[in-house]
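What follows is each chain in one-letter form.
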Amino acid sequence: MSYDTALTVFSPDGQLFQVEYAMEAVKRGLCCVGVRGKDAIILGVEKKSASKLQDVKTIKKVYQLDHNLCMTFSGLNADARILANQTRLQCQQYKIYYEDDPSVDYIAKFTSQQQQKFTQRGGARPYGISTLIAGFSNNKPKLFQTDPSGACSEWKATSLGKSAKQVKDFLEKHWREGLHEKDALLLTTKALMDVVESGNKNIELCVIRKNECWFLNENEVEELTKITAQLQ
Amino acid sequence: MIDFDPSTFGLAHTYQKEDKDEINTLQMPSAPQVIYRTLNGPTQTNGGNKLNNFKHGTTTLGFVFKEGILLAVDSRASMGSFLSSEQVRKVIEINEYLLGTMAGGAADCQYWLAYLANHCRTYELKNGSKLSVAAASKFLQGILIGYKNSGLSMGCMIAGSDLSGQHLYYIDNDGMRLKGDIFSVGSGSTYAYGVLDNHYRYEMSLNEAVELGIRAIYHATHRDTASGGVVRVYHIHQNGWTKVHDGIDVVDLHYQFAQQKGLVGDGDEAKQRLF
Chain S
1 MSYDTALTVF SPDGQLFQVE YAMEAVKRGL CCVGVRGKDA IILGVEKKSA
51 SKLQDVKTIK KVYQLDHNLC MTFSGLNADA RILANQTRLQ CQQYKIYYED
101 DPSVDYIAKF TSQQQQKFTQ RGGARPYGIS TLIAGFSNNK PKLFQTDPSG
151 ACSEWKATSL GKSAKQVKDF LEKHWREGLH EKDALLLTTK ALMDVVESGN
201 KNIELCVIRK NECWFLNENE VEELTKITAQ LQ
Chain Z
1 MIDFDPSTFG LAHTYQKEDK DEINTLQMPS APQVIYRTLN GPTQTNGGNK
51 LNNFKHGTTT LGFVFKEGIL LAVDSRASMG SFLSSEQVRK VIEINEYLLG
101 TMAGGAADCQ YWLAYLANHC RTYELKNGSK LSVAAASKFL QGILIGYKNS
151 GLSMGCMIAG SDLSGQHLYY IDNDGMRLKG DIFSVGSGST YAYGVLDNHY
201 RYEMSLNEAV ELGIRAIYHA THRDTASGGV VRVYHIHQNG WTKVHDGIDV
251 VDLHYQFAQQ KGLVGDGDEA KQRLF
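Protein sequence lines correspond, in order, to chains S and Z. The first sequence begins at 1 in UniProt numbering and counts up by one. The second sequence begins at 1 in UniProt numbering and counts up by one.
For reference, chain S alone in the conformation it holds in the complex (with noise of 0.2 Å):
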C-alpha cells in the first residue's frame, strides 16, 4: 500500500511523505537569500525569465507584507502570493485589533501556522514554498524561515530553493555579527551571484531597514553587482 498519494496518512515509519515532497518542490525552486545585518536585512532572490520575450523586471519576488516588514521565498510562485496576500491581511487586522505593528515572531508563527494547517485535512495539498520574513521588532532585525510542515524558525541568514547548500556554505564562512547595511548588501549579492546564471536582471535585492523597506531598482542592482565582481 502506498502511503504517499493521500496527505492525511502517516507512512508505517512516521513519514508524511506529501509534506516531504512538497519540500522537494521548494528545493526545485529559485535560490533565495536572507541576510541579518545590525541595522538592516537583506533580502536577495533569484529571477528567472522564461523567455526572452518576458519581462524580467515586472516579475515581483520580494513581497512587502506592512511598512517595514518584507517576504520572500522559494518554490511555487502562485502559493507565495496566495500566502502573502493571508499575511498582508493580518498584519492590518492586528492592528485593528491591538494598535500596535505585529512583531516579526507573530507574522513569522502566523504564516508558518497557515502552512500546517494544510499539512492536516483532506482534499488540499500543502504550500509549496518556504519562506523568509524580515523585518525589525523592538529595534532589532529578525529573519525568520518557515517550510511545507509549518516549522518555523529565527536565521542570522540562510537560503533556500536551488544550490541552497552552496550558498549556505558561503555564508557560514562569512557571516558574522554587526555587519553594516552596506556589507550586508555586499554579503549577498556575492552569495547569490555565485549560484545565478550570469546577467544582474537575474536579481532582485530588498533592504528591510528599521522603518522602511528600500527595494532596489534595476540600476543600483546592476551597480552592485559590478561592485562585488571586482571585490573577489
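These are computed hints drawn from the structure, not numbers from a lab. Remember, it's a predicted structure, so these values are computed and weren't measured experimentally. Careful, some of the hints might be misleading.
[Said to hold, decoys possible] Simulated pairs of lysine-lysine, DSBU-like, Cα-Cα distance not exceeding 35 Å: (1) LYS126/Z <-> LYS140/S; (2) LYS210/S <-> LYS47/S; (3) LYS66/Z <-> LYS261/Z; (4) LYS109/S <-> LYS126/Z; (5) LYS210/S <-> LYS179/Z; (6) LYS201/S <-> LYS27/S; (7) LYS130/Z <-> LYS109/S; (8) LYS126/Z <-> LYS156/S; (9) LYS27/S <-> LYS38/S.
[Unchecked claim] Negatives, chain Z to chain S, calculated, CB over 10 Å: (10) MET79; (11) GLU93; (12) SER129; (13) GLY175; (14) HIS254; (15) TYR255; (16) LEU263.
For glycine and all other residues, C-beta sits at the position ideal for the given N, C-alpha and C.
Based on the hints, put chain Z in the right spot on chain S.
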C-alpha cells in the same frame, strides 16, 4: 478558534469554510444569544425596579505624573438608597503590570477585565512577549464596540506599564477609548476633578501624588452620596504596580483634614467652643 471535526478529514473541500471564518473575521467574542439592539435608546434601563438599578455610583481617578501613574478609588456599592457594600475592590489587578478600575456595572467590569487578563496571559504564552497597554486597551475597546447598545455599563480606566513607559486609557461601554493624563470616572468624578485640576502638577513626587489622590477621593465621597467607604491607592511604575494604601476610611480622613485646617469637622464651626 475553529475546532477541527475529524469526521471531515478525508473529505475534499473542507478547508474552504474554515479558511473563510479564520481569515476574514476579527474573531470577536460574541454574545451567546440574539440581542435586540435599540440604536437610539438609552444604554441603561432606568425605569422599573430600583433595587436592580446599578448606576455609576462611584468615584475612581487616575493621573500620570513624573513617577508613573497613580490610581485612587472609593469602595462603596449602592443599590438605590441601600448600601450593599462599603468594601468593594474597585481596582482590578489584571496582571503584574496592568490595572483596571471599575465604574458602572460591577459585573460587567469584573467579567470583561478578567477576560482581558485571560487574553493577555494567553498572548504572552503564545508569543513570548507581553501585550502593551495600548494593545490591551484597544482589545477591550474592540469587545465593547461589539456589545454597543446592548446594555453593558462600564466606565473603566486601564493603566499599566510597558516597554514604552506608563500609560493611562479610559474606556467606556460606548466603545470610546481615550488616552490621557488625568481621568476621573463615576458619580463623584466632578468633585474629584475639582480637586485634581486645582493641584495637579506633572513634577509631583510620589508622596504628593498619593496625598492628592486621597484628597480628591475624600472630597468626592464627602459630597456624593453614592461614593464612600475607604480609599484605595495604587501606584504604577516601570516595574509594575504597588498597592500604596489598601483602605483608608474616609470618615477618619474627614476629621483629619478638618483638624489640619484648625476646624472640628462637625459642620457647625461657628458654634462657640467652650474648650
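How the hints compare with the structure:
1. LYS126/Z <-> LYS140/S: Roughly 20 Å between the alpha carbons, so the hint for LYS126/Z and LYS140/S holds.
2. LYS210/S <-> LYS47/S: holds (26 Å)
3. LYS66/Z <-> LYS261/Z: holds (28 Å)
4. LYS109/S <-> LYS126/Z: At roughly 10 Å apart (the allowed maximum being 35 Å), LYS126/Z and LYS109/S satisfy the hint.
5. LYS210/S <-> LYS179/Z: holds (26 Å)
6. LYS201/S <-> LYS27/S: holds (22 Å)
7. LYS130/Z <-> LYS109/S: It holds: about 16 Å lies between the C-alpha atoms, which stays within 35 Å.
8. LYS126/Z <-> LYS156/S: holds (23 Å)
9. LYS27/S <-> LYS38/S: Roughly 29 Å between the alpha carbons, so the hint for LYS27/S and LYS38/S holds.
10. MET79: Since the minimum Cβ distance to chain S is about 36 Å, MET79/Z lies beyond 10 Å and the statement holds.
11. GLU93: holds (21 Å)
12. SER129: Violated, because the least Cβ-Cβ distance between SER129/Z and chain S comes to about 6 Å, which does not exceed 10 Å.
13. GLY175: holds (13 Å)
14. HIS254: holds (42 Å)
15. TYR255: holds (46 Å)
16. LEU263: holds (49 Å)
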